[in-house]
Each structure stands twice: as C-alpha cells, then as structure tokens.
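Kindly produce the complete structure, drawing on both the sequences and the hints.
There are 2 protein chains.
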Amino acid sequence: MIHRKRSTYRHGDLHRALVAAGTELAREGGPSAVVLREVTRRTGVTPNAAYRHFADKRALLHAVSMAAQAELARSIEQELSRIEPSGDASDVAKARLRAVGAGYLRYAQTQPGLFRTAFAEHADLRDAAAPDSAGDSGLTPFQLLSAALDGLVEAGVLPAERRLGAEFLAWSSVHGLAMLVIDGPLRGLDEEQRTFAARRLLEMVEKGL
Amino acid sequence: MIHRKRSTYRHGDLHRALVAAGTELAREGGPSAVVLREVTRRTGVTPNAAYRHFADKRALLHAVSMAAQAELARSIEQELSRIEPSGDASDVAKARLRAVGAGYLRYAQTQPGLFRTAFAEHADLRDAAAPDSAGDSGLTPFQLLSAALDGLVEAGVLPAERRLGAEFLAWSSVHGLAMLVIDGPLRGLDEEQRTFAARRLLEMVEKGL
DNA sequence: AACAAATGTGAACAGTGTCAACAATTGTGC
DNA sequence: GCACAATTGTTGACACTGTTCACATTTGTT
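From first to last, the protein sequence lines stand for chains A and B. Start counting the first sequence at -18; every next residue gets the next number (our numbering). Start counting the second sequence at -18; every next residue gets the next number (our numbering).
Because the hints were derived from the structure by calculation, they are not lab data. There could be a bad hint or two in this list.
Copies of the same chain are indistinguishable here, so a pair counts whether it falls within one copy or spans any two.
Distance condition first, Cα-Cα at most 25 Å in a straight line; then the derived SDA-like pairs of lysine to any residue [as the list claims (entries may be wrong)]: (1) 38 - 169; (2) 38 - 168; (3) 75 - 12; (4) 75 - 176; (5) 188 - 132; (6) 75 - 178; (7) 188 - 134; (8) 75 - 44.
Now the structure itself:
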C-alpha cells in the first residue's frame, strides 16, 4: 500500500472543530441529529479520529450540550444587560429575575435544537456549575438564576426563609414552559400566545414564590 | 425453497402486541430503548411484520407514547380517588388540583422511562385530547388538569378572568419539575428533597395562579 | 539519532431502519 | 364450492450507524 504525505495531519484543534460541527448539527436538528460520522465528515476527517478526543459518542454529545448551555447563558446575559438601573432597588431585583426567565425562554424558541440538546443528555448538577457551560460573565444559567434570587432577598422582596430551593421552583416553571412550547403539546402557539403565556408564567412565579 | 406450514400466521393482535412490547422496552430504558427490531424479536415475529401495522418506527413510538400518557392519566386518577369529599367546596377543589400535580410527579418518578417516552416524540395538542391517551375515566392528563381548574373557578377560588391559559401555567411548572428531577440537573435529589420540592411547587402554583 | 507518545487512517463487525419481492393464509363474489 | 384478491407474514438485501483493532505517520523526548 502506498502512503504519501498526508495533508490532514495534526489538524491543530480537532477537538474544538468537532464540537463546533456537532453544535451546528444540533442547532439544525436537535440532539438526535448529531451523529458521529457526519460530524467527522464535516470536519474532513475519518470517523475514528473522533475517538482520539472523545471516549464516546455520548462524550461528544455532552461537550455539545455544554456549549449549548453556554449559549443559553449568553442569551440570559443579553436580556439582563437591557435593564436600566432605576431608582427602586426592589423593582430592579424583580426585573432581573424576569430577565433571566425571558432570556431562557427566548433562547428556547430561537434555538430549539440546541436548547433540547442542552438538556437531552443527562446533565449533572456539577455541569450546572462547570465553566464549559458558562456565558461571557463566567456564570452558568443556573448561577445566573441563583444570583437573581439572591438579589430578590437582598432587596427585601423575597423573605429569606423562602430562599431555600427557590431556584428549583423558578427553574421548573420556566423550563417546563420552554419544553412544552418547543416540542411538547403547546407547539403551534403563535408568537402572541407564547409571549402572553411567558408573561403570565413569570408573574405567577414572582407572586407564588 | 421449501415452504412448510407456518405456525405464526395471523398472530391475532400483532398491533397490540407490538405496542405492548415497545411499552416494556420504554419502561426499562426510555424512548431510545424502543428499537423496532427488538420489539419484533420479543413478539416472535420478523422485523418487517411491524410495517403491516405501523408506517414507521416513529409511528410505533408514537403509539407507545400514547399508551404511556394513558398510564399517566391513571396515575392521576388514582391520586384523585384518594381525596375524600370534605365539607368545604373550595378545599376540595384545591385538593383536586394538588392531586393532579401529585399524580403527575409520582408517575414521572415511578416510571421515568415511560414518562420520558410520553413526551419524547412530538406530541400535538390533538394527542392531548385523543382517546388513546386517556385513562380509565376517559379523560387524558390534560383534560384532567382542565377539569380541576374548572372546579377551582366553580368553587370561587380562582377568578374567572384568570382561567384562560391557566392549564399552561400549571402544566409547565409541574412538567418542568418532573423533567429536571428525572433526568435533568435535579437528578440525585433524595426522596425527602423531592417531596419537599413537589409540595413547595404546588403551593407556588396555587398561590400564584 | 533512537524511541515513545500522540494523532490520524483503513478495514472490518454487529446492529439498526427500511425497501422490494415473494409466500401463505384469509376473506369475497360468483 | 372455487377462482381471485386482499391481508399478513417472511426472505434477502441495502445503506447507515457506533465501535474496535491493527497500522501509519507525525511530533516530542532523551
């Protein structure tokens, strides 16, 4: 067998390239669309090359999931940056919590494939604090939510004794709406209905927390 | 080629048998575990036999999903049957809404594989009203929730102007908690923490609706 | 310069969903 | 009764997937 010099040796940053290709696939078709052979195909490399950087297909998908969570974090951060510091501290604190929810929901609707990928493969609570899944601020979606809730307590809006486990309640509500809207039974709602449902839901959380 | 009499002809009710086998697979390993060839293997039939009853693998999975929703409905119904009619009508109405949520969450934790299957394949709002996904009472999970909310309005607990879209809010919260607990980042919570979170969540919904 | 580690390729295997052609059973019109 | 069509299953094949093992080539180390 003749072997000439290979041009595609030492790709340079194959790890990152594979994650990037997988992310694009997930963006278009969700977690099931990220198939190992297609990822390597798009990267211009042999299927087995992926095994030098990831133990499994699952490991690759996990990396893509982390990247998706980071994008989600940036969506939240963007929403947070919109709010202007008014005089009332409690109003600002409330606005920040709503911004977290709004950013979460906006990302789910804008990038349903990646959103589903972010939570498809079993993510641990450790992942929710891993730097891979953090946005530009260095905080993960979960940490951004926690910070908003802390702010609510500091501003005196939320009693301290209700703070414990509050992220679970807020997260559940928003996450559930996102899931039901993008591929659950609430799919097919038009833009107006969705924003209405989102607003009502965030009001419910604020009131019922 | 010699062809003798076949013993496995006219299975009788292959359609139902396939759904049953698929349901068992989903129960053990979630939606990804229901693989067409294994389903037919367990039913003692050739892979292609399934194509006489289902257009696709997706169609088979959809049927399993409907069956899972029916089981979910029965879990809710069981929880509803536990509540005794006390004197106060508003207390009963509130208890019924909590029962719907409790049955939902209990099923998600008891049968995570089937629960995930119920909402894995894109379910329409039509499916939420289809008789295939109804429990013994003839109502689907969504319809059971709607009925509970109607009861809340009748009892004067929930103002009528807040009734519109209320199922989406309640459903989102409970569904989100279920998802996060069974394979989301909230996995690993022990029994006590889960029931605590469930109680707090249902309180939040009742208060914030 | 010799050698080991890292990073890619090639060939192969079991397993999957699906299709086209065929066969056996069951039902139907005369 | 009986030819004939519809139903329901089987056989064989194909393209595709994730993964393993052996091998080749490049890069880093002593």
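These are the hints, each one checked on the structure:
no., hint, in the structure
1, 38 - 169, "between (32 Å within a copy, 24 Å between copies)"
2, 38 - 168, "between (29 Å within a copy, 22 Å between copies)"
3, 75 - 12, "neither (34 Å within a copy, 39 Å between copies)"
4, 75 - 176, "within (18 Å within a copy, 28 Å between copies)"
5, 188 - 132, "both (16 Å within a copy, 22 Å between copies)"
6, 75 - 178, "both (18 Å within a copy, 22 Å between copies)"
7, 188 - 134, "both (14 Å within a copy, 19 Å between copies)"
8, 75 - 44, "neither (33 Å within a copy, 44 Å between copies)"
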